[in-house]
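There are 2 protein chains.
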Amino acid sequence: MNSFVDIPAMVAACRAACGKVYLVGAGPGDPDLLTLRAARLLAHADVVVYDHLVGPGVLELIGADVERVYVGKERSRHSVPQEGINTMLVRLAREGRSVVRLKGGDPFVFGRGGEELQVLAAEGVPFEVVPGITAACGVSSYAGIPLTHRDHAQSCTFVTGHLKDGSCNLDWPALARPRQTVVIYMGLSGLPDICAQLVANGLPADWPAAVVANGTLESQQVVCATLATLAAAVAREGLASPCLTIVGEVVKLRDELVWRAEADGARTTATTSNNTAQV
Amino acid sequence: MNSFVDIPAMVAACRAACGKVYLVGAGPGDPDLLTLRAARLLAHADVVVYDHLVGPGVLELIGADVERVYVGKERSRHSVPQEGINTMLVRLAREGRSVVRLKGGDPFVFGRGGEELQVLAAEGVPFEVVPGITAACGVSSYAGIPLTHRDHAQSCTFVTGHLKDGSCNLDWPALARPRQTVVIYMGLSGLPDICAQLVANGLPADWPAAVVANGTLESQQVVCATLATLAAAVAREGLASPCLTIVGEVVKLRDELVWRAEADGARTTATTSNNTAQV
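Going down the list, the protein sequences come from chains P and F.
For the record, in the first sequence the residue sitting at position 11 is 11 according to the working numbering, with numbers rising by one throughout.
For the record, in the second sequence the residue sitting at position 168 is 168 according to the working numbering, with numbers rising by one throughout.
Since the hints were made in silico from the structure, they are not lab data.
Bear in mind that the values here come from a model prediction, so they are computed numbers and not experimental data.
There's no promise every hint is true.
[Stated by the list, open to error] Heads up, simulated DMTMM-like pairs for lysine to aspartate or glutamate below, C-alpha to C-alpha not over 25 Å straight-line: (1) P/LYS252 x P/GLU237; (2) F/LYS252 x P/GLU83; (3) P/LYS252 x F/GLU123; (4) F/LYS252 x P/GLU115; (5) P/LYS252 x P/GLU218; (6) F/LYS252 x P/ASP171; (7) P/LYS252 x F/GLU115; (8) P/LYS252 x F/GLU83; (9) F/LYS252 x F/ASP206; (10) F/LYS252 x F/ASP151; (11) F/LYS252 x F/GLU237; (12) P/LYS252 x F/ASP171; (13) P/LYS252 x P/ASP206.
[Claimed, not checked] Covered stretches of chain P (chain F as the covering partner; in silico rule of three or more C-beta atoms under 8 Å from a C-beta of chain F): (14) 103-109; (15) 196-210.
[Stated by the list, open to error] A few chain F residues that don't get close to chain P, going by computed Cβ distances all over 10 Å: (16) ALA9; (17) GLY63; (18) VAL69; (19) ASN86.
From the three backbone atoms N, C-alpha and C, an ideal C-beta is built for every residue, glycine too.
Start from the sequences, fold in the hints, and give me the full structure.
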């Protein structure tokens, strides 16, 4: 009879069986836009692995006893390379821990969430996905710019200015069309090129376009202009990343629908605000 | 000296000054996907005016003392016409009440939120916008289908099958392109036409496509197929609205990334689930 039982090994195996990664969207910045499920996970996880784009207010919702790991991902200087993040998530889950992988916005919209999950799936690590308010939705709501409107846009398209090979090789003919709204994630450095390409591919030079910096935060700044004038206006106002660019007739609706005061110094074409009270 | 003071008029004016409409996104159905701000508003508003597409679990978060007004908006039978909704919101706010206008998904993505706000703005009624998880994000997360992925889709496009004039007159050449994900909101009745048009405009007949019914709810059903086979597969499985259609190579990633068990009877091409535990 084999009376030897390897207790530590059993405990380790049991804990490993319980470990799990929650891929969680942190939303666009305002912590009030976190989902109920995300807030609960942040409060009670064992460890939170988070990115540069997660708002500071969101980080305050992490429980006091929860370990925090910053893995960066600012443009052109990754604190931790993607492969290192993948390895870390697998290791933490195999230690039996409840791991929140926290990403700005929605993890399935330009978040590389799918790529991280593919690694977890290949390694047999259990996971769940908690969507977040993607930047296009959060930012447009706080800027008073509906993404769709029956009179102006019957579709909306989200693209990113940062591609795998580093070039901004977008499908310009598909983007330069009327009756749609185009939202460009993080396209500030390529903004002059983006505006010029959209005009070269058929949109009018006076087509409405806006850049929103620090969307949904107190420091939100909005510049509304046209494809011809946007890049210069944004440079003049000194907007900095993180930014989102919105192109389409819906941008003009901000004149009617702006509801939130902007930060001092944030000049916009629509400066009225019908109410700034907070609930 | 005019000693007469019209107290009721002053009170009415004062209350009117405090009234406000909160245009709130209810998310895709799972109440756990409501934002913190939306949950707080539902608990403490004076009245909630809500649509057909708001999930029953979300309605349970409305405070016990809060008045509820159902205004319907099921397809082809509006309980309250849009103009009646607009008038109601203005009236309730002018009574000095805190009004939550609750819409499924995100109010600025096919929600007519912008149109309702234009009426409020014209009438001088203060408002705020609280974005919600739009159906495309919520449903794709729960179905294990990333909307973007560097190897498969560098953009995603949201369109709706219900247009102002009732016809499904979409911009087919812009939608039938590789390296993008197309999400069609509520397109079930037009599904055979949509699939045929996408193939006629250049996408391969074996291009991956999926329909998700009751996305994010316990009753979620997912059918993955190709443009050539999707309509028949959906009819065979008996899927019903509300539905969302996802078209693009990312659909194939569900084979690897599915993480949530589907309801009984919901046959899918990807039936494995690596974990179904709930936190």
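Practice item. Please name the hints from earlier in the document that this structure breaks, with their numbers sorted from lowest to highest. Key: Hint check: 15 fails alone, others pass.
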